[in-house]
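**Q** Spelled out from the first residue to the last, the chains are:
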Amino acid sequence: MRYLPLTEADRREMLAEIGVAAVAELYRDVPEAARLPGPIAGLANHRGELEVDRLLSAMAAKNVTAGSVPFFLGGGAYRHHVPATVDSLLQRGEFLTAYTPYQPEIAQGTLQYLFEFQSQVALLTGMEVANASMYDGATACAEAVMMANRTTKRSRAVLAGNLHPHYRDTTATLARFNGFEIVAGDPAPAGKEDLAGKIDAATSCVVVQTPDVFGHVHDLTALAAACQAKGALLIAVVTEAVSLGLLTPPGAMGADIVVGEGQSLGMPLSFGGPYLGLFAAKEKYIRQMPGRLIGQTVDADGRRGWVLTLSTREQHIRREKATSNICTNSGLCALAFTMHLTLLGETGFTDLARLNHAKAVQLAEKLGDLKGLRILTDGFFNEFTIDVGRRANKVVNKLAKRGILAGVPATRLFPDSDGLTDLLLVAATECTTEADMDALARGLGELL
Amino acid sequence: MSQIKFTKDHEWIAVDGETGVVGITDYAQHALGDIVFVELPEIGREVSQGKEAAVVESVKAASEVYAPVDGEILAINDGLTDEPAQVNADPEGAGWFFKVRITAPAQLDGLMDKAAYQTYLEGLV
Amino acid sequence: MTNAKTISGHQGLQMDEPLIFELDSPGSSGVDLPPPPAVKSRLGAVAARNGVGLPGLTEPEVVRHYTRLSQKNYAIDAGFYPLGSCTMKHNPRLNEKMARLPGFADVHPLQPMTTVQGALELIDTLAGWLKTLTGMKAVAMSPAAGAHGEMCGMMAIAAAHDHRGGPARKRVLVPESAHGTNPATAAALGYSVEAIPATEDGRIDLAAFKAKLGFDVAAVMLTNPNTCGLFEREVRELAEAVHEAGAFLYCDGANFNAIVGRVRPADLGVDAMHINLHKTFSTPHGGGGPGSGPVVFSEALAPFVPLPAIIHDDDGYRLIESQDDDDGTALAFGRMKAFHGQMGVFIRALAYTLSHGADGLYQSSADAVLSANYLLAKLKGTFNAPFDGPCMHEALFDDKSLKGTGVGTLDIAKALIDEGFHPMTVYFPLVVHGAMLIEPTESESKRSIDQFIATMKGLAERAKTDAASFHAAPILAPRRRLDETAAARKPVLKWKKGA
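Residue numbers (this note's numbering), protein chains in the order written: chain A, 315 to 762; chain B, 839 to 963; chain C, 36 to 534.
No lab work stands behind these hints, which were simulated from the structure alone. Glycine included, each C-beta is placed from N, C-alpha and C at the ideal position. Any given hint could turn out to be false.
Stated by the list, open to error - Lysine-lysine pairs mimicking DSS-like chemistry, simulated, CA-CA at most 30 Å apart:
#, chain 1, residue 1, chain 2, residue 2
1, C, K481, B, K889
2, A, K467, B, K952
3, A, K376, A, K708
4, C, K531, A, K596
5, B, K937, B, K846
To be verified - For the chain C half of the interface with chain B, some residues (derived, Cβ under 10 Å), not all of them:
#, residue
6, F250
7, A522
8, A523
What the hints assert, rightly or not - Derived DEER-like restraints, expressed as beta-carbon distance ranges:
#, chain 1, residue 1, chain 2, residue 2, range
9, C, D350, A, S371, 57 to 67 Å
10, B, G931, C, A83, 27 to 37 Å
11, B, T919, A, E679, 23 to 33 Å
12, A, P729, C, D348, 14 to 24 Å
Bound conformation, chain A alone (with noise of 0.2 Å):
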């Protein structure tokens, strides 16, 4: 078997040195009973490249991909075009099968690039400090609020109503079982919520999404000031790091906290991962953050190297004091990121960044013309919501088997609320085209 370099003759020289006369019998502390006499029946035996190729490739043939036919979805994980650098970077054997930094001195690359990246991340997001990523967006979230729990003291999360579902379930899951309460407001599809109204004493931060997740962008300054006043932590979401590029970054309006995905730079959609958390805070609070934290230091020469540090928050040295239990980061992912933002560099984000809304402002225009649909996305970034006036997911469905993917229906996100069964979400990135958007355009104006 390719995989496996001992030959029948390494095994014989290996079973006489440790003096046992077959592998059985290192099994020998393994009860009986649970001892399987031979290859588990019911599984297939292995197979060569061609044939795993085979059943693979047929499997991802059933899909239908998009860059394949006019696409529209957003819904917190978006459409770009990676170049070709990136990917053909990222496969390097040293960055893709190196190890968690942990011996600094055969890893300076890994470190080095996650200094990097954790410098872009403060800028992008205008705040003091970042680590060195999470798993994703909505667990970067959810730890986030447990952040905001241990340093106020007080254990109850307002979270706004159009923060993206995944991200509130998954903080809703945490709080169930670490025992904190969140405050979750309804879904507001027209973008205004009174979420300063909803600080309290005990309320240990407010958590906003912006652009939120029927696209519309917030101005968070007047919410950082009222959470301030009452003692909690802003925290704000970003789940369109490319939004970054344009709007003012919520550290600059306030923020305590910004958390994000990352998944727009470097990264392919790949059916929902794996992905990149993007987790930034103010520089007081470093010592109660989640997460991996790369530092700069000198070697013993003297020569400037990065190191893994405050690594006593870590679950690995403070067990049960740990700040949270997360053992790894996500830096295959955090590797794609950083270099498609190198390669994009401060000219190439931002003409990115207004690119995409710009081809958002067009497909807008192009839907705003027809009849049966209205746009609720007074102000929006690359993504908004239109109403169709009768049940979008099924809009979406039909536009599938015409070969069109419209966008997400709002009920995909919220199944449970009332009042959305109409509402799509379109998005348009630099990939969108004309053709694209008059055939969503088209496919719409026959339907509505």
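Got chain A; can you put chains B and C on it based on the hints?
**A** Just chains B and C, lined up with the frame of chain A:
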């Protein structure tokens, strides 16, 4: 009259009437290695004998510093926040952690004096 | 002996590479974008920002930067990682090719179900293999890493106890030798954690364990094989006692590589176990993630498995994303993360699993255990092995043999770096002094293992007479020992202009 007492967890308390200054011993700072951070209690906080009053972190470990006796925190050594290395350099002097008003003075009788602590250390390997 | 000084700062193929911020050419970019359509801005409430502050580099500069960084990294592709409990096996390239098929990579998680049948089939197929390999009834595919899987398993247990009702169960028992994530997870869920002592032969003290059990224990978190590399012989008796007390047995599956394909955790009495796809199933470590930690569950815990779930019936595959009586997800305890799980990692793991098949996996675990025992046999004369063999897939040594030399476990580790090896796991498990935990995995050749053994023996010999050389190590790596104290005392966590 002032006296110094020691705990099995390597804390010392320098008693002066109703108050005491608390820190960790030279043995403890040596075992921990380079101290990188000290988390001190808030002034006014009530502490209980044997319960966590402060945390001291080195690069590889974090250790609780337990209150040697019941009391109320009167003062903390702010300087440790910027210069945690003082704990290594002068653990039984400038590296003190906090000052406490002793509310259960009888507990001091259960602690070791300098000679007893030395003997105790020799017993540890 | 330090590295020779050169004019450029580079040393042969070892390039000295600045930070991207130090390579900034304002206005440069490695991407050419078309001009945007001429439309009016509709940003609304928020003003456009005035730049971000990122550096500009062109494509050749970017390629050179990251290529040079990669050259400072050790990796499985380049050499042996004898890291205990990490299972650093070969990462097959077929995995990478399959994950990049557009039919998987270019698919959005929220597309209509009819357009993603192949994606759902892939997840379901992998789920089926994991259930059959472990003998378990249900599986949660969404956790993003091992620690996340632990959290998932323990949440399901907490939900099951909630549902049953009865007196509160606030205690969780964990062996002293457990990985730090175990007590951290239990504590995060509000449990008080108690340690289970071990016997002289490195396994759980069953009598002492039974004495700690009670009707207020929610769960016992076990690792098996344990973190000392030993199989817990009395695991079935332990499981029986746990179940009699009305508690659940959680198994940390980090060491599954020792038994995959030849022992089923269900046959040991396990109720929930997370699997590290990035360990046992060959998906790449990527310098620290992404991982994937699916959790298999027994019949008793199956109703509580978190969302989303995948159902396969006559109508095809579909995702259940909210609780539904009809689909058996009414008691699902909630959601662990956004979307459906680490799909890119699933594809890689399935490519590996299909390649090995049942017979390949049966052989791979045997080779892993054989190699570790070979290592144990060869080194126990040189380094002290605290426990008698046989071991499972990893061999444990302590630092007794180094006493009096002035050389510690850390120094051995740093010396190994100069010898071209990544160090083994050091100072874990905590129950042994100066631990050295070595896991060869089944994908090391005998030649490679023999070279490692010879090196370790040579280092042990040199430690007797030349401690100074160990304290100076490493001297040949891209960096010498780094000042971690300074990094922690005055954290510098990002680049600053003028710094």
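**Q** Hints the structure violates: just list their numbers, smallest first.
**A** 1, 2, 6, 9, 10 and 11
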